[in-house]
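Enquirer: What follows is the residue order along each chain.
There are 2 protein chains.
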Amino acid sequence: MQLPYDSPKLDSLMEEAGADVLLVGTRHNIRYLCGGYYYHFYERFTAISQGVYTPLLGIPKNQPDKAFYVGIAGEIGQIQDQDIWVPEFINAGANVQPNPITSAEKTAEAIKARGLAKATIATEFHFLPSTAMDCLKKELPGATFVEATPVMEEMRAIKTPEELEIMRRITQADSEAIQDTFRNAPKDSTTSEIARILERELTNRGLLFLWVFTCAGNTMLRAPSGKVWERGEVLHLDAGGSDGDYLTDVCRMGVRGEPTPLADEIYKACLTTQDKVRAAIKPGAVCGDIYEYGNKTLKETGHHELGNFIIHGAGLVSHELPRFAPGVERKLEEGMVISIETDVRHPEEGYIKIEDTVAVTAQGCEGMGDLGRDNWAVNS
Amino acid sequence: MQLPYDSPKLDSLMEEAGADVLLVGTRHNIRYLCGGYYYHFYERFTAISQGVYTPLLGIPKNQPDKAFYVGIAGEIGQIQDQDIWVPEFINAGANVQPNPITSAEKTAEAIKARGLAKATIATEFHFLPSTAMDCLKKELPGATFVEATPVMEEMRAIKTPEELEIMRRITQADSEAIQDTFRNAPKDSTTSEIARILERELTNRGLLFLWVFTCAGNTMLRAPSGKVWERGEVLHLDAGGSDGDYLTDVCRMGVRGEPTPLADEIYKACLTTQDKVRAAIKPGAVCGDIYEYGNKTLKETGHHELGNFIIHGAGLVSHELPRFAPGVERKLEEGMVISIETDVRHPEEGYIKIEDTVAVTAQGCEGMGDLGRDNWAVNS
Chain H
1 MQLPYDSPKL DSLMEEAGAD VLLVGTRHNI RYLCGGYYYH FYERFTAISQ
51 GVYTPLLGIP KNQPDKAFYV GIAGEIGQIQ DQDIWVPEFI NAGANVQPNP
101 ITSAEKTAEA IKARGLAKAT IATEFHFLPS TAMDCLKKEL PGATFVEATP
151 VMEEMRAIKT PEELEIMRRI TQADSEAIQD TFRNAPKDST TSEIARILER
201 ELTNRGLLFL WVFTCAGNTM LRAPSGKVWE RGEVLHLDAG GSDGDYLTDV
251 CRMGVRGEPT PLADEIYKAC LTTQDKVRAA IKPGAVCGDI YEYGNKTLKE
301 TGHHELGNFI IHGAGLVSHE LPRFAPGVER KLEEGMVISI ETDVRHPEEG
351 YIKIEDTVAV TAQGCEGMGD LGRDNWAVNS
Chain F
381 MQLPYDSPKL DSLMEEAGAD VLLVGTRHNI RYLCGGYYYH FYERFTAISQ
431 GVYTPLLGIP KNQPDKAFYV GIAGEIGQIQ DQDIWVPEFI NAGANVQPNP
481 ITSAEKTAEA IKARGLAKAT IATEFHFLPS TAMDCLKKEL PGATFVEATP
531 VMEEMRAIKT PEELEIMRRI TQADSEAIQD TFRNAPKDST TSEIARILER
581 ELTNRGLLFL WVFTCAGNTM LRAPSGKVWE RGEVLHLDAG GSDGDYLTDV
631 CRMGVRGEPT PLADEIYKAC LTTQDKVRAA IKPGAVCGDI YEYGNKTLKE
681 TGHHELGNFI IHGAGLVSHE LPRFAPGVER KLEEGMVISI ETDVRHPEEG
731 YIKIEDTVAV TAQGCEGMGD LGRDNWAVNS
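Read top to bottom, the protein sequences are chains H and F.
The first sequence begins at 1 in my numbering and counts up one residue at a time.
The second sequence begins at 381 in my numbering and counts up one residue at a time.
Keep in mind the hints are simulated off the structure, nothing from the lab.
Be a bit skeptical, because a hint or two may be false.
[Unchecked claim] No more than 27 Å apart at the CA atoms, straight line, and that leaves these computed lysine-lysine pairs for DSS-like:
id, chain 1, residue 1, chain 2, residue 2
1, H, Lys118, H, Lys9
2, F, Lys517, H, Lys137
3, F, Lys518, H, Lys118
Isolated chain H, as found in the complex (with noise of 0.2 Å):
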């Protein structure tokens, strides 16, 4: 059976876990459970009619072949197309009214058939609906729940080549997205109207538009807004995109016409320090050292007080593995992916910030969708 994730990985976390079965229902774990797949219909939106939609993947441990997946009737034909692996497919309903309970009732009927009635199941609390998991709990009793996140974060701290490659591509759009934006902003644009731009032209390059954080002077209100991108202003446009649900997340500074010396220097110190982090990233080295090494290099710019150093993983899920704080003892793997974030808030310059995207590779670390973070982008 030829499966699309590393099912000997997950079997042995299901082991630690104490998990016979392992049920999720989150876009992104579908996604990364069935090699891309999510029916299309429900990408982008759930709720229809009273319902939502809850489509159900289970796996018994050391058991794909008996795997099964609750979906709706309108996705039969895309999972065909795409050949999906799974072996059962549970047809829930119709396409226009899912029920949570509906997509339960089918999981513990699947569940009981394979003989796990009695069996300890991970799954995601904080992602099922109250209704699905009451119906599970009803139709199960037997059964014991456990939580399924950190199983499934574990499956996905490590990236493919392919993922590299997604992450790669998605984060350099964003980069280019965010510098043309700068570029195309016309003059007296509001940070919402710039927020406009971003969007068509991530969407251009093939990726869904998430969200923007636009920072227009020294407003400190991050939200787009009426806000007009001001001469002598800087801007900070700190945005994420996805497709296939991989995000990208990216921060560059513009200005309007020259900084000041002192949002230069602000600049710089920002700059600096992520390019020391970055030298320290590389595998072996300890996730919480990492952590205290950034914010002594921005302490040491001596913007530290008005400064934040953030650093977390990146991949199907913003913030996953590897997690970076005080005392963690991890250390960086090859094939992980990080998003290195220092901002300055400077309350007469503005909001002064770098955010950058890299792989951890056999040697150090490789920048993905380096463009623009040198310097600032000029819009004369």
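Use these hints to put chain F onto chain H, whose structure you have.
Expert: For chain F alone, coordinates are given in the frame of chain H:
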């Protein structure tokens, strides 16, 4: 207190439902009750780190001055900038670590602080994360929970002039995007490529692309795929997009070259059915009767055996009120918005379908976005 929704109507619906507090967290209902507001960062994704963004809006019956909104730190700036009416903002934590349990704990505290610990709370069972619902039940052991979805559906059933203007604009934009896609699709385009063209056409018109059902020739596969739209084949584009979460849903037909006489006959059968049903829509018309009439009309065309007639309300949620089925006695009212769909799935000619959106007016109905419905879009 100036409220962006009909507060006496909400109070009256809560009274009927026996609810003392309304507690909603879905994007469509927060938007509806907060004048379009939703935290921009989480408009298009919600999973981050190990949690999920879970805002909760609470409104005690007859006391909007005691309403509260449980959000996260990052949205305070946007809430202030947009001057959201809700008197109390409660911060449930950091931007990147949303936790449904924290949202529920803060909500329970707010409800207790208002002396409503033993109240009946109307909430959205299918939409609340299981962890949030469990926490609410634990923290409010004396409370009774009832379903809020019918209350909120009733609130949204009749559109305001402002909502009608949004629906008119987005449905027209969807129809235009579909026509341009039919005409601009290059020779040998696959339906996946055609879907991407449509996405750009919608984005350029200010809409978020949500989905497109595509069906080229007689494949009956409605998911975008590697199937090329060949000469002589019909193509249906049944596409949805949104603006501020108001949804549009339009289906138009194209053909590369010319339709066969039978395909054209089927198209006209669909169009005749749509036209006759539209002529019957007006205030006071009974939903069950309209449903029966649509089916009877389709039957008279002689293509009913392979055909389907579907009719449903539209707005912030697809398939919302009014609902149409045999025996439904509810009468149409001015300001309701309705999607009307007729299709015939012919094994040789293909999947031929028209879907229109209309608003009930004082005298009858207004077609929204009728562009391209009367004839095939020809790609030569």
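Enquirer: Next, verify each hint and record whether it holds.
Expert: Now for the hints, and whether the structure bears them out:
no. : hint                   : verdict
1   : H:Lys118 with H:Lys9   : holds (24 Å)
2   : F:Lys517 with H:Lys137 : holds (16 Å)
3   : F:Lys518 with H:Lys118 : holds (26 Å)
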